[in-house]
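Protein chains in written order, with my numbering: chain R, 1 to 142; chain D, 143 to 283.
Just so you know, the hints here were simulated from the structure itself, not pulled from any lab data. Keep in mind the model is a prediction, meaning the values are calculated, not measured. Be a bit skeptical, because a hint or two may be false.
[Said to hold, decoys possible] Derived pair list, reagent style EDC-like, types lysine to aspartate or glutamate, alpha-carbon separation capped at 16 Å: (1) D/K259 - R/D64; (2) D/K186 - R/E86; (3) D/K223 - R/D47; (4) R/K82 - D/D260; (5) R/K120 - D/D176; (6) D/K219 - R/D121; (7) D/K231 - R/D47.
[Stated by the list, open to error] Some chain D residues judged to face chain R by a derived CB distance under 7 Å, without partners named: (8) L179; (9) F180; (10) N181; (11) V182; (12) E184; (13) D185; (14) L190; (15) G197; (16) K223; (17) H229; (18) A256; (19) Q257; (20) D260; (21) V262; (22) E283.
Beta carbons: idealized from backbone N, C-alpha and C, even for Gly.
Below are the chains, spelled out letter by letter.
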Amino acid sequence: MGNNKCCEAKVKEEIKDMEGTKPEEVEAKELDGFDISFSPAVDILEDGDLVRLNMNLPGVAKEDISINLENGLLKITGRMKKSMLEGYNPILQEYREGSYYRSFRLSDEIDAESIKAGYKDGVLTLELHKGEKAKRKQITIE
Amino acid sequence: MNFLRAWYPFERGLPRFNPFERVLESFADRNEMDFPLFNVGEDKNEFLITTELPGMNMSDIDVSVTNRTISIKGEMKHEEKKEENYHIKERISKASFSRHITLPVPIDGGSIKAQYKDGVLSVTVPKAEEAKPKSISIAIE
Chain R
1 MGNNKCCEAK VKEEIKDMEG TKPEEVEAKE LDGFDISFSP AVDILEDGDL VRLNMNLPGV
61 AKEDISINLE NGLLKITGRM KKSMLEGYNP ILQEYREGSY YRSFRLSDEI DAESIKAGYK
121 DGVLTLELHK GEKAKRKQIT IE
Chain D
143 MNFLRAWYPF ERGLPRFNPF ERVLESFADR NEMDFPLFNV GEDKNEFLIT TELPGMNMSD
203 IDVSVTNRTI SIKGEMKHEE KKEENYHIKE RISKASFSRH ITLPVPIDGG SIKAQYKDGV
263 LSVTVPKAEE AKPKSISIAI E
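Bound-form chain R, shown alone:
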């Protein structure tokens, strides 16, 4: 078990939650929908060489999700274009609707080329693979 703890601590550096950071270039006025009001709930789990990210984006259509990776910063935006209750007179509102944004800092160990994304029933799934860099390289002095 001691070994597991050691590895877990190391793994945490591979994907760092940047919650609380603002989407710099995604200004609210650019969005043709709701303002960004939510940091979506996420599960990040590790399965050998695979890091899987599941994110809840209920109410967002597949084409309104953008996933952007730049300089190791993974940004996920889900735009809510219109309220589900559009055209209706709201008489009970227990939850709020809005667009979603969350970003993560990826370490060098993640192979950016191999990231795969899927979306089904309001859940975005990303598969991130640990690349060659994950295996420590020994450099010899010539």
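We have chain R already, so just place chain D on it with the hints.
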């Protein structure tokens, strides 16, 4: 045993739009009856009930009607891995829920439609003929 507690949303007053207040409220009276949360809209002919249930199968959601009451039941189960595999775990992975909502006017229970799209369940409930607004033209003699 408040499992069968009746829930009368329309007696609670109008919705509140102050988000801060909502946060406080959701902590204040949180219990199993408060999941999932509902939004309800109304027009001349029907009600629309929406609720966010990401990652479910439509076959695990059960919508039923008795008189003016719509019941939504279901079971949410995501793949469950060992605790140490998770870096972050925020999503609800297991929940069985049952909530009902009583609408303020008679409804046409036979024509209710439920749709599940992008993780949101929406239930369209037509009003009964007698509950729809009518305009009557009165001839002046």
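Tested hints:
Taking the CA atoms of D/K259 and R/D64, the gap is near 14 Å; set against the 16 Å cutoff, the hint holds. The suggested pairing of D/K186 with R/E86 holds, with an alpha-carbon distance near 14 Å, which does not exceed 16 Å. Between D/K223 and R/D47, the direct Cα distance comes to roughly 9 Å. Compliance with the 16 Å bound is thereby established for this hinted pair. With a C-alpha separation of about 13 Å, the suggested pair R/K82 and D/D260 falls inside the 16 Å cut-off, and the hint holds.
A C-alpha spacing of about 25 Å is found between R/K120 and D/D176, which places the hinted pair above 16 Å, so the restraint is violated. With a C-alpha separation of about 13 Å, the suggested pair D/K219 and R/D121 falls inside the 16 Å cut-off, and the hint holds. Straight-line distance between C-alpha atoms of D/K231 and R/D47 comes to about 14 Å, which keeps the hinted pair within the 16 Å bound. Hint on D/L179 holds. Least Cβ distance to chain R is approximately 4 Å, under the 7 Å limit.
Below 7 Å, beta-carbon pairs count as interface contacts, and D/F180 has one with chain R at about 5 Å; its hint therefore holds. Interface restraint check: D/N181 against chain R, minimum CB-CB distance 5 Å, threshold 7 Å, status holds. A cut of 7 Å between beta carbons decides the hint on D/V182: the least distance to chain R is about 4 Å, and the hint holds. Hint on D/E184 holds. Least Cβ distance to chain R is approximately 5 Å, under the 7 Å limit.
About 5 Å separates the beta-carbon of D/D185 from the nearest beta-carbon of chain R, less than 7 Å, and the hint is met. At a threshold of 7 Å, the smallest CB-CB gap from D/L190 to chain R is about 5 Å, leaving the interface hint in force. With its C-beta approaching chain R no nearer than about 4 Å, D/G197 sits inside the 7 Å limit, and its interface hint holds. Taking 7 Å as the C-beta contact cut-off toward chain R, the hint placing D/K223 at the interface holds, the least distance being around 5 Å.
The interface hint given for D/H229 holds, since its Cβ lies 4 Å from the closest Cβ of chain R, which is under the 7 Å cut-off. With 7 Å as the threshold, the beta carbon of D/A256 stays out of range of chain R, its nearest partner Cβ sitting at about 13 Å, so the hint is violated. Checking D/Q257 against chain R by beta carbon gives a least distance of about 10 Å; that is not within 7 Å, so the hint is violated. Interface hint status for D/D260: upheld, as the beta-carbon distance to the closest one in chain R is roughly 5 Å, under 7 Å.
The interface hint given for D/V262 holds, since its Cβ lies 5 Å from the closest Cβ of chain R, which is under the 7 Å cut-off. Hint status for D/E283: violated, given a least beta-carbon distance of 37 Å to chain R, over 7 Å.
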